[in-house]
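**Q** Start from chain A and add chain B according to the hints.
For the protein sequence lines, the chains are A and B, in the order given.
Here our numbering is used: the first sequence runs in plain steps of one and ends on residue 1469.
Here our numbering is used: the second sequence runs in plain steps of one and ends on residue 294.
Please note that a few of the clues may not be correct.
Derived lysine to any residue pairs resembling SDA-like cross-links, with alpha carbons at most 25 Å apart [stated by the list, open to error]:
hint: 1; chain 1: B; residue 1: K231; chain 2: A; residue 2: F1400
hint: 2; chain 1: B; residue 1: K174; chain 2: A; residue 2: T1414
hint: 3; chain 1: B; residue 1: K253; chain 2: B; residue 2: Y170
hint: 4; chain 1: A; residue 1: K1388; chain 2: B; residue 2: K108
Treat the hints as calculated values from the structure; they're not laboratory data.
Here the structure is a predicted model, which means the values were calculated and not measured.
Okay, here's what each chain looks like letter by letter:
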Amino acid sequence: MNNKMISEKEKMKYDIGVIDFVIVEMNLYLDTHPTDKDAMDYLSHYVRMKNQMMREFAMKFGPLRLSDTDGCMQNEWKWVTQPWPWEGGC
Amino acid sequence: MWCYEKRLQFPVNIKNSNAKLAQVIMSQFGGPDGELAASQRYLSQRYATPYREVAGILTDIGTEELAHMEMVSAIVYQLTKDLSMEEIQESGFDKYYVDHTAGLWPQAAGGVPFNACVFQSKGDVITDLFEDMAAEQKARTTYDNILRLVHDNDICEPIKFLRAREIVHFQRFGEALRIVQDKLDSKNFYAFNPGFDKCKS
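Same shape as in the complex, but just chain A (with noise of 0.2 Å):
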């Protein structure tokens, strides 16, 4: 994600693919260094900060999962009327 303007939508989704994927990469790191302490303890902070941003998001543009349905419900369903991830724009 490079180049010109990109919407807030856009931008936000993208800073929750980047702490995701450290999410991702402690998550696999942990299952073999269980007892590392301050490797949960770095995940914890970014799993507290991927669920803050999972509500804005959801707030804002409708829910990516189930769980963020709560405080976005308007009169729209919006899990089905925004666009599904293949369908590109991120």
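**A** For chain B alone, kept in the frame of chain A given last:
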């Protein structure tokens, strides 16, 4: 159970369709070293290990493979969007098109349908982990081969991401194998099968 997140692990935004490349990249969806095989391999194997760390790495990498399958599918979907009949004929995509139109169906680049025989779940954690390490390297080679055929940056970027993940997974499976071997008799790792025999490790 699983949870779906409505986003790709790495963005896929391909501007130009290309039916020829779609047929090649499709192999990483339903081919012998593809992401469907990878996910089913690890998620099937995880029951035969008594070691929780190993069950964890198989579960979590198996889950990530599902996200990779979605990325490869999104690439194929975008490469086959808005094709003209001429493009379908000239690219050789007609043989796929006649059976599946532009729908996603797991097959290898050579047209061989997906088959569970491309992976094994042996019920022996040492055997399974050696297969898993080999599988990650085979997929890495496939992505290297794809990268030699692709010149469009929109396709290269997600493929490079997937290639790098194969290397990380290979490393983690290597650590899992070491964890298993540390729990066994170093004089004879094969004295018993910790996932089957009753004797304690």
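**Q** Compare the structure with each hint and give your call.
**A** How the hints compare with the structure:
{"no.": "1", "hint": "K231(B) - F1400(A)", "in the structure": "holds (23 Å)"}
{"no.": "2", "hint": "K174(B) - T1414(A)", "in the structure": "violated (48 Å)"}
{"no.": "3", "hint": "K253(B) - Y170(B)", "in the structure": "holds (18 Å)"}
{"no.": "4", "hint": "K1388(A) - K108(B)", "in the structure": "holds (20 Å)"}
Hint 2 alone, counting from the list given before, is not met by this structure.
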